[in-house]
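Asker: Read top to bottom, the protein sequences are chains A and B. Using this note's numbering, the letters of the first sequence map in sequence onto residues 1 to 475. Using this note's numbering, the letters of the second sequence map in sequence onto residues 1 to 1546.
Hints are computed from structural coordinates only; laboratory data are not their basis. Among the clues, some could well be false.
Straight-line alpha carbon distances no greater than 25 Å define the calculated DSS-like cross-link-like pairs of lysine-lysine that follow [said to hold, decoys possible]: (1) K40(A) to K715(B); (2) K802(B) to K323(A); (3) K1009(B) to K710(B); (4) K77(A) to K1480(B); (5) K144(A) to K323(A); (6) K802(B) to K141(A); (7) K323(A) to K842(B); (8) K3(A) to K1480(B); (9) K28(A) to K190(A).
Partial list, computed: chain A residues near chain B (C-beta under 7 Å) [stated by the list, open to error]: (10) V4; (11) C49; (12) G50; (13) I51; (14) F53; (15) T55; (16) S56; (17) D81; (18) N110; (19) P328; (20) M468; (21) S470; (22) S471.
The C-beta atom is built at its ideal place from N, Cα and C for all residues, glycine as well.
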Amino acid sequence: MGKVTGFMEYNRLTEANLPVVDRVKNYKEFVLHLSDDQAKQQGARCMDCGIPFCTSGCPVNNIIPDFNDLVYQQDWKSAIDVLHSTNNFPEFTGRICPAPCEAACTLNINADAVGIKSIEHAIIDKAWENDWVTPQVASYKTGKKVAIVGSGPAGLAAAQQLARVGHTVVVLEKNSRIGGLLRYGIPDFKMEKIHIDRRMAQMQAEGVEFRVHQHVGENVKADDLLAEFDAVVLAGGAEHPRDLPVLGRDLDGVMYAMDFLTPQNQVVAGDVVPNQVLATNKNVVVIGGGDTGSDCVGTSNRHGALSITQFELMPQPPVQEDKQLVWPNWPLKMRTSSSHEEGANRDWSITTKELIGENGKVVALKGTKVEWKDGKMLEVSGTEFTIKADLVLLAMGFVSPVEKLLKAFGVDKDNRGNAKATTEGVESYKTSKAKVFAAGDVRRGQSLVVWAIREGRQAARAVDEFLMGSSTLPR
Amino acid sequence: MASGLSKSINVNSSKPAKQGLYNPTNERDACGVGFVAHIKGKKTHDIVQKGLELLTNLTHRGATGYDPKLGDGAGLLMQMPDAFMRKEAVKLGINLPVVGQYAVGNVFLPQLPKNRQVCEVLIGKIIAEESQTLLGWRDTPVDNGNIAQAARDVEPMMRQLIIGANSIDQNTFERKLFVIRKRIEHAIRALDLQDKAAFYIPSLSSRTIVYKGMLLANEVGVYYKDLNDETLVSALALVHQRFSTNTFPAWDLAHPFRMIAHNGEINTVQGNVNWMAARHETMKSSVIGEDLEKLWPLIVDGQSDSACFDNCLELLVAGGYSLPHAMMMLIPEAWSNNSLMDQDRRAFYEYHAALMEPWDGPAAVAFTDGRMIGATLDRNGLRPARYLVTEDDLVMMASEMGVLTFPQEKIVKKWRLEPGKMLLIDMEQGRIIGDAEVKNTLATAKPYKQWLEKTRYFLSDMPKVEGGLEMAADLLDTQQAFGYTQEDIKFVLQPMVDNAEEGSGSMGNDAALPVLSVKPKLLYNYFKQLFAQVTNPPIDPIREELVMSLVTFIGPKPNLLGVDEATPPMRLEAAQPVLMLDELEQLKAIATLTQNQYKSIVLDITYPMAQGKAGMAAAVASITSAAQSAVQSGFNILILSDRNVSADRLAIPALLACSATHEYLVGAGLRTSTGLVIDTGSAREVHHFALLAGYGAEAVCPWLAFETIKHMDVKDSKEAAKKFVKAIGKGLYKVMSKMGISTYQSYCGAQIFEAIGLNSAFVNQYFTGTTTNIEGIGLDQVAEEAERLHISAFGDDPVLAKHLDAGGEYAFRVRGEEHMWTPDSIAKLQHATRTNSATTYKEYAKLINDQTRRHMTLRGLFEIKSVGSAIPLESVESAKEIVKRFATGAMSLGSISTEAHATLAIAMNRIGGKSNTGEGGEDAKRFIPVASATTMAKVIGEDVIVKDIALQAGDSMRSSIKQVASGRFGVTAEYLASADQIQIKMAQGAKPGEGGQLPGHKVSEYIAKLRFSVPGVGLISPPPHHDIYSIEDLAQLIHDLKNANPKASISVKLVAETGVGTVAAGVAKAKSDHIVIAGHDGGTGASPISSVKHAGGPWEIGLAETQQTLVLNQLRGRVVVQVDGQIKTGRDVIIGALLGADEFGFATAPLVVEGCIMMRKCHLNTCPVGVATQDPELRKRFTGQPEHVVNYFFFVAEEVRELMAAIGVAKFDDLIGRADLLDMQAGIDHWKINGLDFSKVFHLPAMPAEVSRKNNDVQDHGLVHALDNKLVALAKPALEDGKKVVLDVAISNTNRTVGTMLSNQIATRYGSAGLPDDSIHINFTGTSGQSFAAFLAKGVTFELTGEGNDYVGKGLCGGRIIIKPPVKFRGLAHENIIVGNTVMYGATTGESYFRGVAGERFCVRNSGATAVVEGVGNHGCEYMTGGTVAVLGLTGQNFAAGMSGGVAYVYDEDGLFAKRCNMSMVALEKVEAADAAIGKVQHLNQPDEVTLKALIENHAKYTGSVRASSLLADWTTSRSKFIKVMPIEYKRALTELATASAKQAA
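If we strip away everything but chain A, and leave its shape as in the complex, we get (with noise of 0.2 Å):
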């Protein structure tokens, strides 16, 4: 266990981030991994209590009090073992993960969480870097094949793991290069992409095919998958986002978050993006106060945008929560991505009446505050108000699946319009389509990545006992 004492004698320590000027010049990650020493120190302060709320608030169930210890003890290599043992893509979590796990650290309830994300994030970096992660390829194979529509992390968390079982794993994608959201919604600033390549590498020498430009219920029939595979997993997200249904919302420059960050990482990867919209020299007003919006934001400062400013529909949410009332559960509180230390104005409790154009383009934003009471949003009279606006970026979440996919397999909806599967019981992740299962964001609906690692992982497990009878893949 780290250091008996390790808490009360050292602070928590966040990684160092390059300094605002210089990291919005380019789209390079801009987080430095913390040194040896720096996490060893920071792995002192675990405590290795007899419940780790950590592992438990971590969707993965990592298990962070060993490979605290181990990097304490300075031991790198068993430390990824571990890590590796419950999380295939630590080098994406590492990065992008809110960290569920540290809101569940019992030094969070009166002090600072231990820093696991930023362990998390030395010790897979460590192990790239020594080429500790290699392929693990199956010892024998199993003759059964899987395809799984969707390259997400969903995706991805199954293929590996049902590859590395022996299967034969076909991954469909439908854009032009694997990764799904990771490649195509995460900004690169944020997360590289070569980390995806090099995972890509990784399994496929373990034996998995990838296939791009595969759209199911476009170019490529349900019934085709169903007659070459043993067994079809859909992981192809949620990606139908929430509309804003308001007048002027055709106006040219309002666009879904989406349409502008892709393109970005389409472009950082070298290809050529026709019609690319940039922020460059715009007053952008960003709609909706979660990740995708401050990616937004931190898209649109690179652009060199005139102003930024973000809107949040709920209230602002208290600086520092309740601890008493709301430990090892994920608090909602005031967060300041690292985008917004990049320069935004942000505002809370505030509706968008009605889009402003000219030229059919839009040039303002009308809203107005609102107050919330038993759950009812009511606007207050009186606090209408204007707003430059020469783009208009969308990211207030998603809905749903995209319907082709789930309708090419047939398969039943929830009532959210995800796909329905359970996730416990002999039945879980299975859709009412036989031998077609359902796992990460098209089945729970919009989450974090770590959510979607779990499920791909765990679908693995239900696919394998469905095609083998019994399953040693741990859930």
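Take the given structure of chain A and dock chain B to it, following the hints.
Answerer: Same frame as chain A, now just chain B:
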């Protein structure tokens, strides 16, 4: 004899049969014992009368049942009264042969004439067959007019059998009588007569006769009219008064037996009896000859431990050993660690150790064969025995003094029996033979030392044998095959290889029971260690290591009766039973090493995996038959080995192989022809070794543990392996000692375990005699578990590819073992209570209660049935009433922070429940409720409280339950006076049988102040209460505490284990008002991990057994029963009530409410939420509030109400004891759980409706008879007006606990400040009873002229005690005993002066009082943390063991003190002249010379001590002979204090 119960008969007129969880074999007894004898053998009737008088005066050591006339049995053994018999024979027309040529047997005959006739005919036939003459029968005249109806109902017909010898010498005749008696017993037992009275032969001898029965002590002489006949004479009278835990009348259980009367408990009896049976085939006796076979079965089932012992003793004596020789074999003194013992005696003991394992346990045994009489004490002196010798040749020995009075001027010696020592009076030689003489004579009678040297092989002395470990599979797979988890490395092995001792854990055990776990468990986990509570004391194996021994003999045992064999057999000895790899190689090559004296064979206990689990039964059978043929073909060391385990070979669980082989060989009579060694990969924790030993292994080689250690992160793997072995050894000491067993040899095969979750068929076949109460899995499932482990080990599970399984037993792990406390349940409980949200509470309760998928507790599997239809919630008793039944657990201030401790008290006082102070005293500032709103810091002190908590008007921080534990920390008259309930902690769920430890870093200045100790110095609570070695001792302590606070109820806390019901019945008879049954899983601040996991049982079973036994004994109504142990919800409460609880204890849950998050770091003082820490920085983080705790208890009560409404019960009282409303929940289907059967748990004893099932009555403590009533009345002027009072009062041994009620009066009025010095001065004359001056308060002086018994000055808190011999007594004070054992136990302040020698454990746990004494027994000043002791004479061994504070000055008369002192915690210094000491660190801030001299001067002044005056007369010389015993830690603390104050001054 036991018959079925029905309402038509008086249900108490016979012993109930085994039913439900009640098992008659669990019954225990303890007692008062004594004898009077004439040294020269002069026979008088006066001696018989004196015996009866002695017996009468021991009455308080016995007990009565629900009927005050129903005693537990008493009796008298005397010499054959020839004249009387001759007179009586004449009346019957019998012509008696000369004395010595006839025998008289007292016989208990059946009540039914036809049965009686059958018996008498059979007896006559056997006598004839053995060629002796039946001279006739005599009706023994009895008067049963005054005995209890229940005793009369089963009263046997009393007759005397008279047999004439057929021309043989008396010794041969005695042997023949033994054979005749055994044959009669066997033959009549075979008839299986149905009669209310048991057939029994109390005695049949030409030398002695025993009169005994189901009588009160004072009734023996009334019942047996013979005893009042003036012509009935004897030179000895050996008497015994029994205190039994049950109330069922049984005439045959009374003592004395044929040769002994025993006060104590034989803890190893199961093993001893088994070993005796195992010797059947190999035993030969040249003396007994052919008749030997007729004696078998030598020891029959269903007898008491004392009776078994008597059987064995008879055999040894019949087989040619002298009586003292046999006693030395059975109860040897501690020899292996005793450097002071002479070589011959040591050789004697070592030689005999191979013949007979000790019958171990606390014991004072008086023995006689009619020619000599004597007594011996167990090796640790755990029972009292005092004696005196008069100038007219009388010797009287008794459990206490004062039972018979002799003119003081006639007494020439007053002494006590010392630990392991023997007192022997040879009436034929006409003299007392001292211990040294008896033993030296025997020790040198044969050349034992030479024999030993010739015949003994020490394993460690043999040449090393090459050979390494070859494993058939790789390490990780092999570890997995044996179920290793990551936790085995981290929590089990790592601490052992680092520190050479087992790791500690905290917060108890909330993980699933093994039989409920869905994970495969090792067979070891299904066994729970048993432990001593109440009826026998555990031992402290660290501080009292001198009595412990791990020596093991590997190989065949010599012929027990080979007393005359010329060539002594060979013996192979190892210092301890854990074998290193090379030692196992030595055993394999033993034939070469010993020139074929020994031949070993390795039996493979693995079998082909292809045979699967179905193959295990056959594999076990083939091992046992291979073992048999190996022994028959001359192999005498069997090594059962599982090294061949591989992907293709599955191992039989080593424990199963071991026990099956051991028992099979016992049954075949071959076990003593061979040694049994287990070579297994499975053993790695203490519990594993303890089990293998307990089921017969003489040695164990844990090969995989060694291999694992080699691959662990250790500097030197050889060294690490040694530390591991050492740690296991210490752990074995702990396991043995918690059952009160001191030698490995007698532990081996003693089966001190119960099984939980194994079915009877399996247990009866392979673990015969082990209790299993709820059935469970059998061989098929055991095999299934082994197979599952094996498959996962050698399969391709990716989780196990690089790592061991996570485990999750010791700490919660996702994918590990299930726990009740999970992140979710903790969060929900905390959120619910902080926001007072009933909805969230319900979510929490559901997580705990619903075990349909996660099975963890037995109660989780229960279903609650309805009484009728549901009733409206409003008609159910209010929550306000229900919460009054709730108490918080005993968590000491010390283990938890002041804030956490006081918050619980506030909350419980607000709701009318009870909080428990735990073992650590309590600040008197908390005793008074606050009048107006204030804060905790304002009341207790700003310097003490770091996180303040608001108090409302009327709030009280007083804990209404005050605990009295073995450490007696902070137990003063004032503390006791502030209690509503005083709880005696006999055992603690997390570590029953062990003492608590408060690590030094948790002893803050404040804690030290409350506990009267030194800051920073760790505190040790002894494993036993040193004033409770038996049930009658407990009765005494209960009486003491009742005197200390007559208004308080006295509670006794027990831990569930098999037999706890019987103990509880005994406790109820000992007048406890309240009994707590704690589960094994309770929380704790620190406990060895194997104790957390493997000791004690679930409360569901323990509580049910308690309820059933108390109801059967008609004792339930008098006591309140409380249950605790991981009680978390209202459903738990309901189940507790249905199983028989009136009240409920909660500990972990309220702590969680206060913020505990189950860090399990209490022992490290790093609790990050400020609950279980004393670190002020961490305590600042405490967030608990009384309101939260109040909310919790109301939630629980509301849940109770809802459940009550649902099942149709309005009054809580109507739930209690309704186990018939419980059933096993339907629909839970799991391959392990399916075999469970709770019918014994749900059993209701068929007793008449009027017999109480719940508390509705009170105990009669008899305080009206107390001498203190008079003292309090006479002391009124002092108590009320502060006027000095001087009184003269006569006292006797029946005046127990004197001065305690008086002190309570003072404490209630004046607190600890008491009265001005000597305000009440009482001059006593006589022999005081036990607990004289207990808790004596400041301002009182007790001056006793006479002598004291045990426990003088117990808990002394300010008073002064002076005891001096009567003026007429002529003996030298420093050579005679003046007070008994355990004097000044737990004293905190005050002073005492004893002109004479004290017994064992003088000033044990003294924490501040001053004492002067002229000599002490063993273990003086043990565990002392403060105070000053001056010993002006010799000390016994092991002085200052565990002493961490205070100072002792010892007059080192013979210059050998250093050898008798335990130097592990103290240093010995000179007492410097006063001027030389200036400027040095000083005890009491003055030079030692000043302190010591003042004490001796006071001693001379108060007692007139000649020794004191002579020391003072030549003071300089005297001073130089004094040795100062200075605890190292205390010196360090004093130095630090001095430095700190010097700094402050500067």
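Asker: Tell me the hint numbers this structure goes against, listed in increasing order.
Answerer: Numbers 2, 3, 4, 5, 8, 20, 21, 22 - these are the hints that the structure violates, sorted from lowest upward.
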